[in-house]
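Note that this note's numbering has the sequence shown beginning at 1, numbered continuously upward.
Simulated from the structure, these hints should not be mistaken for laboratory data. It is possible that part of the hints are untrue.
Cut-off 25 Å, straight-line C-alpha distance, at most; resulting in silico cross-link-like pairs (SDA-like, lysine to any residue) [unchecked claim]:
#	residue 1	residue 2
1	K394	S505
2	K241	D214
3	K546	H556
4	K493	D351
5	K241	V223
6	K202	N633
Computed spacing ranges between beta-carbons, pair by pair [claimed, not checked]:
#	residue 1	residue 2	range
7	L384	G172	31 to 37 Å
8	D56	G356	34 to 40 Å
9	V467	N611	38 to 44 Å
10	P567	F251	43 to 49 Å
11	A564	G211	30 to 36 Å
12	D214	S649	46 to 52 Å
13	L358	N592	55 to 61 Å
14	D278	Q23	36 to 42 Å
15	N611	G356	50 to 56 Å
Nothing here was measured: the structure is a model prediction, and the numbers come from that model. Heads up, the beta-carbon is just placed ideally off N, CA and C, and yes, glycines get one too.
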Amino acid sequence: MKTKILKEAFVLIITTSFIFADQVDMNGAVNSNFGNSYGFYDFSENILDLNIFYNDLQGWIQYEYSNPPDIGFGNNDIRKFRLEYSTGDFILKLGDLYEFWGRGLLLNQFDDQVTNFDNGTRGLLIEYDGGSFSASHMNGNSSIWNMGADTRTPEYNNIHSMMANRLEYNRGLIALGLTQLRSNEEHDVNFGPSVLVNHDLKGAYATWSGGNADLFVEYVDKVSTEKVTMFGTIPNDTLLKGHGYYQNFNFYFGNWGISTEYKRYAFDKAYGDITSDDYGNQIEYQQMPTLGKEHNSTLLGRLTHNYNFNDERGAQVELNGSLFGLSVTAQYAHLSRNETWQSVGSFEWTDKAIDGFLPSSDISALPYWENYQEVSGYAFSDKLYFKLGRGSNKEILKTIRYFEGTQVDISSVDTSLTWVYDTLVWNDETYFDSTEVELYDTNYTSPFNVESKLWQQSKAFTIPLEVNYIFDNGYTVGLGFQYQEREKVNRSKGNATTFNAGDSSWTMYDPDDYSNTYDETVSQLANPDGTVKTQYNRLIYLSISKAPKWSFTITHDMTNAYEASSPYDPYYNPLEALISGDLKYFTGKRNNIEPPSWIQNRWVSVEFAYNITSSQRLSIMYGSIQGGLFCSNGVCRLIPPFNDGVKISYSASF
């Protein structure tokens, strides 16, 4: 009901704006996207944004018509709206709120339609800014959808009723802030009704800015409580207690700068992935720094680490500067869980906290390493621009079993017979009784070392290259090439294999000689011909453009192996035939629904973009796109392949 009233109020504001148009300023934007493919990857989404300004009053409304969208649910309604009023030192906001406090350990809200992540609050915000002192209060409700098994339709809906406050004091080079957030959540689980969870977060942050250096630190403490019964007859259970810490120190010297970051997030822990059935931990409002580099390179973007906001520590160092007129970047990051894990049974794991503050390289802590170097610059009177990079990463994806310790086995069992005698005295008479009894005595071996480990790991090496040349007539030719080698394996080693639950012991690899060990590596990459050790990915594009009117780009994406079953493209289009140089296609000697085998590992697309005016842009894409992992702000989405289709995009601002 409240939402309906607010929407009607916005409609009234817009109507009034047109009536008093000479007193009101307005601007807006339209974004339309359409897609249709041979594989039924279809979408049609249209979004209209309007901004209205009248004296101290500002309004924003967003209307969406999507049937269906690229990701998410279909909609034909007002999607977002907000009314802002500012006077003196006060600001009042009503509607859809998106706030960013500190570095996001307590509150970082954004609406990312590419990944379908929206953690905004529909409610009220009051803010006071008196210069050296500022204060904020917000409260409202959020309905946050998270993805499940389907790559396009969300599955889990977590509903929050939240309230948050912030105080900040600035004096000279120093700023101090205190934050607090409390949320009552209806958490969606796989099976059964939603669970009721209360989250209580308290935090503090500080910044310092000097002449050639700056520092930021933030700490958040979190306690979650589960409501056991609706009637309040049973005390609520404290589910989890956790904390998060982040710091960033930057130092500048000449035309060089070095940035260091450290994080330690400990809101929950598990040896494997945390699912929707694990609740009481980090909530959607907490979108924290990842300490990983986000790349523009397509192939590097597909290798993004799955950041764990609940249980991860790490450090990152990045150096930026110029040398001989060239821009230089070098980056290194190392992350891991906060614990090492050991499997003491088929399904039982125990953890041990990592000593110190730095990330671990222990396999069971799921470490991740990445480093990236880049050089870019101009030549030939700034007509030629180039950028060359080199990136590598290694990651322990998961542990299936991981045990290193000792074990004793049964060496023998004594089941011999013996006589047991008993004596009884009665009336000064002695009576003797004898019984034959079977003995059962177990003898054990001396403790011996046992190692049984099985984990999955990946590593990759990538080189992205980009070259652009501007001719005197205004035309620009661009060439891009990306090369990548990637391995993904299951690694096993030790002198024992699986755990035998029947006798609670590890099964030895060689029962006759426990000192014999194994060390095996099995690739998880394959193609129709069988297992492949190394996946070779290549992406090349050629672009021609005439600023500021139009651009034409052709992209060719290739691979030789896959993690899962090899995808099959059942349609052979003329663009693929042209790139392959297949003359039989154009002479009618090919059946386009029986494509040759070499085209299955290629995705070819062309895109033409045209600026109709300075504020209107139209782009048309035809062909196939491989898809893959896409991440933004620490939120990732697996984009399915788009085969043999058309995408049309139109954007305008007014």
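Hint check results:
At most 25 Å may separate the alpha-carbon atoms for a hinted pair to count; K394 and S505 exceed this at roughly 33 Å. Distance check on the hinted pair: K241 and D214 sit about 31 Å apart at the alpha-carbon level, beyond 25 Å; violated. Among the hinted pairs, K546 with H556 is consistent with the structure: their alpha-carbon atoms are about 22 Å apart, no more than 25 Å. Under the criterion of a C-alpha separation no larger than 25 Å, the hint pairing K493 with D351 is consistent with the structure, at around 21 Å.
The suggested pairing of K241 with V223 holds, with an alpha-carbon distance near 5 Å, which does not exceed 25 Å. Restraint check for K202 and N633: satisfied, since their Cα atoms lie roughly 23 Å apart, inside the 25 Å limit. A C-beta distance of roughly 46 Å is found between L384 and G172, which places it outside the suggested range of 31 to 37 Å. Judged by the Cβ atoms, the range 34 to 40 Å given for D56 and G356 is violated: they are separated by roughly 53 Å.
Between V467 and N611 the CB atoms are about 23 Å apart, so this pair departs from the stated range of 38 to 44 Å. As the Cβ distance of P567 to F251 is approximately 48 Å, the hint placing it in 43 to 49 Å holds. Remark: the range hint 30 to 36 Å for A564 to G211 is contradicted by a beta-carbon distance near 54 Å. At about 39 Å, the CB distance of D214 to S649 disagrees with the hint of 46 to 52 Å.
In this structure, L358 and N592 meet the distance hint of 55 to 61 Å, their C-beta atoms being roughly 57 Å apart. Checked against the hint of 36 to 42 Å, the C-beta distance between D278 and Q23 comes to roughly 54 Å, which is inconsistent with it. At roughly 55 Å, the beta carbons of N611 and G356 sit within the given window of 50 to 56 Å.
When the structure is compared with the earlier hints, violations turn up for hints 1, 2, 7, 8, 9, 11, 12, 14 and for no others.
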